[in-house]
Each structure stands twice: as structure tokens, then as C-alpha cells.
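> Count along the sequence shown from 1, then add 44; that gives the number in the working numbering.
Quick caveat, the hints were computed from the structure, so don't treat them as lab data. Positions of the beta carbon are idealized from the N, C-alpha and C atoms, including for glycine. Please note: incorrect hints may appear among the correct ones.
Straight-line C-alpha distance at most 27 Å; calculated DSSO-like pairs for lysine-lysine [what the hints assert, rightly or not]:
#, residue 1, residue 2
1, K294, K158
2, K464, K533
3, K128, K140
4, K464, K493
With beta-carbon atoms standing in for the labels, derived distance ranges [what the hints assert, rightly or not]:
#, residue 1, residue 2, range
5, L298, T198, 28 to 36 Å
6, W373, H477, 42 to 50 Å
7, L452, F269, 50 to 58 Å
8, A544, V333, 55 to 63 Å
9, F369, L298, 56 to 64 Å
10, E138, A202, 25 to 33 Å
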Amino acid sequence: MTPEALGPYNRRVRLVVEVRDDQDELELASGVFGAQGWGVRPARAADSVTVDDGYAGLIVEIPVHGSRWTARSTAVEQLTTLAKRRKLDLWVRESKLIPPKSAQTQTVYHVHRKAPDDAGPVLRWLAEHWTAVGGLDIRHTLHLRGEYSDEQRTQVLAELEARNIGGPPFDPDTHDIRRAIGPRSEAGSTERRREAGRIAVISVIVLACVASGVLLGALGSPWRFTALLVPAAICWPTGAWLTSNAPRPKLIRLGCGVVLTGSGTFAGWMWGRSEDAGLSGMLAGLGMVLGLGLTAFGLWYALSASWFSRNVQWFLPVLAAPLPFVMPWVGAFLHAVYLEDMFGIPADAVHVGFYWQYVVALRPLVVAVLFLLGLVAVAGWARHFNVQAPVSAFFRLMLVLTGIVAVLTVVQIALDDVEKSADRTMRAAAAGHRPPGYFGLHPELVCVKPLGAETPVVNGPVPTGHPVLSFQPSGDTVWLWDPSPSRGKDTFRHALRVRAEDVELVMADGGRCSR
Numbered sequence: 045m046t047p048e049a050l051g052p053y054n055r056r057v058r059l060v061v062e063v064r065d066d067q068d069e070l071e072l073a074s075g076v077f078g079a080q081g082w083g084v085r086p087a088r089a090a091d092s093v094t095v096d097d098g099y100a101g102l103i104v105e106i107p108v109h110g111s112r113w114t115a116r117s118t119a120v121e122q123l124t125t126l127a128k129r130r131k132l133d134l135w136v137r138e139s140k141l142i143p144p145k146s147a148q149t150q151t152v153y154h155v156h157r158k159a160p161d162d163a164g165p166v167l168r169w170l171a172e173h174w175t176a177v178g179g180l181d182i183r184h185t186l187h188l189r190g191e192y193s194d195e196q197r198t199q200v201l202a203e204l205e206a207r208n209i210g211g212p213p214f215d216p217d218t219h220d221i222r223r224a225i226g227p228r229s230e231a232g233s234t235e236r237r238r239e240a241g242r243i244a245v246i247s248v249i250v251l252a253c254v255a256s257g258v259l260l261g262a263l264g265s266p267w268r269f270t271a272l273l274v275p276a277a278i279c280w281p282t283g284a285w286l287t288s289n290a291p292r293p294k295l296i297r298l299g300c301g302v303v304l305t306g307s308g309t310f311a312g313w314m315w316g317r318s319e320d321a322g323l324s325g326m327l328a329g330l331g332m333v334l335g336l337g338l339t340a341f342g343l344w345y346a347l348s349a350s351w352f353s354r355n356v357q358w359f360l361p362v363l364a365a366p367l368p369f370v371m372p373w374v375g376a377f378l379h380a381v382y383l384e385d386m387f388g389i390p391a392d393a394v395h396v397g398f399y400w401q402y403v404v405a406l407r408p409l410v411v412a413v414l415f416l417l418g419l420v421a422v423a424g425w426a427r428h429f430n431v432q433a434p435v436s437a438f439f440r441l442m443l444v445l446t447g448i449v450a451v452l453t454v455v456q457i458a459l460d461d462v463e464k465s466a467d468r469t470m471r472a473a474a475a476g477h478r479p480p481g482y483f484g485l486h487p488e489l490v491c492v493k494p495l496g497a498e499t500p501v502v503n504g505p506v507p508t509g510h511p512v513l514s515f516q517p518s519g520d521t522v523w524l525w526d527p528s529p530s531r532g533k534d535t536f537r538h539a540l541r542v543r544a545e546d547v548e549l550v551m552a553d554g555g556r557c558s559r
């Protein structure tokens, strides 16, 4: 009873299902379950299945994708939902998660070249250390089940010498084997227990070194260097443990310990040296790292073995195709908001390079993508834990509403950025300082010198005693913006329009203009 699933799965759930003891009902149930890619068979005597009177037992195996904590409830939900839809008279009596086969212990052997027989002591010393880190490997590996033993090593040498699957043959005179670097396995321990123990030990070592590095970077006292005593003290034991599955040179053991403890200490020192080295800053950093980790796992759960991963070769081009057309429109819109809504100057009166329209639209695009990735990560976690049908509808609705809120938030962030940039420009102009630019818009402080006795101007008169803002003009009309507070709070009344042939614009030097 091997299920041929219609989609990817990583869990197998076996159910004892009671179906009404009727030949037609049993055949219909078996056909419906089999059409879903589920394994189904009648219960045998060896199964010792007890069913109620009037019912027959079926063993159904359902493949499920997601967390093992929710696999059984998801399988039961799928079967009962399908039964209700097809009006089947059945009852799920028992459900059990089929555990995966335990990984077998294996030993990895790498074939390497020997040092020449006539090599001197220095060359042999170098070759010994270089061999220990894989420098003399010939890219030939053999994997054997079981723990290392002298008998197993003899078996490996005999196998390598007896056959050649391609390339140069194994020569005992010039070749030898070494074991991959790793901690020594405890006798009788399971693979899961060994992996958990290694992760726990490495986590403790890294946390201790990071804490020492944080103290070293955050403290200003000369006593801060005592924090290095912790990584220095555990450096050798760490290296010896990391390389304990085989005898290795002491320098290699020490080097492995230095790499692990040194990297953790350096990361902590960089963290402690940062400006946000206070407790609140560190907690914020930990929260950010945790959030990034949860988002990364959520994206993996959402996109791996999904419709998107199976169709990414055409889905991504479809998503990217509108960008060359949408980004210039968004950029032109933001430039128009900056000029027209903030300064009262028509957007077509100022020349802006076309490439700046892409640049100014990049930040809202990045924010939108981050929001989208966050939503996808949340959906990925929901998929991993197999959110059940009653909650799933509400969850989908919340995702849609959250997506709408995210779009509005991105728009609000972009408009707030435009408003803040314009406000900085206005304050700088009022103070007589050179104003900052905004993605291709470069306002300059200029002094206006009329060329005639009377100068036609909209929102006049033309100020000649103090500088005004001028954006790069385009055409025969020049638009200026007067930062003087005497024009009131309405920024549109600060905008001036004059003909280019009626005035001369001179770069201002300071907050006053010479008459």
C-alpha cells in the first residue's frame, strides 16, 4: 500500500477507517481515496482492527506536507471533508503518524595522496597538516554504514584496490584514506540524539563567545580584555572535540577551535562596538535577527514544494515584465507630488532625467516587496502547521485585508518621504543654506536680477533682497519659489512664474542678495 501522492509530502499518516459494510460503499470509498493518491486496502486479520457491527475496516495512508504536530489532524480533516462531499458513510477510528526510518550511522572516507617517501621532515610535517584539512584529496569518497573500526578500514582499502569506477586507479603505494573531520560519536547513541547533542554544544560555545565579544566591545575599561579569557580557555577543548573522530595534528585541532570561538567573539565585538550597544539596542538586534529567521523559514515553508516553485520559470518573467512600465509612472507621480503639491510648481516645467524616475520608485518597490515577503512568510507558517479549513477561510480573508493595508502603508510611506524631503528643502532655503536634492531634482538658491523696469510675474513681486529656490528650468518660463515667511503658510503663494528673458538668475552666496 504505497501512496502515489498528487503533490509533494513529507509526512505519512495511517488511518483506520470504518466504512459501512456494503460492497458498493466499500468500492466507492476505495475508489475515491485512491483517486486522491492515497494508499488504501482492506484491514487484514494481522492488523487486529476492531470495528463496530455493520462496518468494515479500511487502512488508509494519507501523505501530508507540513509539521508533524498537525499532520494527523490534517489527514483526518482531509478524509472527513472528502467523505462529506461524496456522502460516504464512514468513521475514522484511529490515526497514527508513520515515523521516518532512522538515519543509519555512516563513516565517510576520503582518498588522498601520500607524501613522497623521500620527503624531508619539514615537508612531511606540512603534508601531514595539509592532508588533515583535505588539501591532498583526489576527490574520491567512499561512504560505509556503521561506526569506524580497524576491520572497516581494511574493508575500505580492499574495495578501493579491487575496483576502479573511472579515473586513476587506487594505488596503495601513493594513496591513502582519511576520515572526514567531525566529533566522535557516542557508542549506542541514535542519530537524532547525536545531532541534538552537537547542536547544543555548538550553541553553548557560540553564545559564550558572542557574550565575551559583546563585553569586549561595549566596555571601555582596560579590564574588558579579561573577557577574552573565556574564548581562549575553551578554544583548545572546542577544537579537540570538533576533530575527535580521528587522530589529527594538534595545530589542526587548535585551528578548528580558533575558527569557531574566534568568529563568535568577533561577531559579538562588532555588535558591542555598534552605537546601539545598550540593552534596548541589543534586544532590538536580537528581535531583528529572530524576525529575519522566522521570515526566512516562513518563506521556505511557503515556496518549497509549492505551485510557485514548480512554475517559477514563467511566473517570475510575468511579474517582472510590468516593472519597466510601472516604475517610470510611479517615479513621475512622486516627482509631480514633490513639485506640484509641495511647491506649487508644474512638473512639466522642470527637467528631470528619465533614469531618476526608476530610482525614486525603487524605495516604494523595495518596501512593497518586503511587505509581500512578510505576508508570504506568514502564509508559509500557516501552511507548515496546516491551518484547518474553518480557520483557513478567516486566515485567507485576513491575508487579503492585510495585503490591502500593506499597499496603503507603502503609499503612505512614499508620500511621507516626499513631504519630509520638501520640508527639509524649505527649511534649508529659509535659512540661506544650500537645499538638499530629491532624486534628480536639484534646487538651487539664486538671486533674481530683473532686466527691465517692470517685470511681469505671477504671485509677484519678484524678491530681489533675498535668494529664492530655482529648480532646473525647462522652456521659456522660469518657476521660482520664495522661502520668505511673509507670503503665508500656503506654499502655493510662494511659487513665482516669470519669463526667462525678463530676469537674470545668479547663484546666491548666503542669505542675502546685493541689489
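> Would you mind marking each hint as holding or not holding in the structure?
Now the hints, each set against the structure:
1. K294 - K158: Holds - the C-alpha atoms of K158 and K294 are around 20 Å apart, at most 27 Å.
2. K464 - K533: Roughly 16 Å separates the two Cα atoms, so the pair holds.
3. K128 - K140: holds, 22 Å
4. K464 - K493: With Cα atoms ~31 Å apart, K464 and K493 exceed 27 Å; violated.
5. L298 - T198: 28 to 36 Å: holds, 31 Å
6. W373 - H477: 42 to 50 Å: violated, 33 Å
7. L452 - F269: 50 to 58 Å: holds, 52 Å
8. A544 - V333: 55 to 63 Å: This hint holds: roughly 56 Å between Cβ atoms.
9. F369 - L298: 56 to 64 Å: The hint (56 to 64 Å, Cβ to Cβ) holds, given that F369 and L298 are roughly 59 Å apart.
10. E138 - A202: 25 to 33 Å: Taking Cβ atoms as reference, E138 and A202 lie about 50 Å apart, which means the hint is violated.
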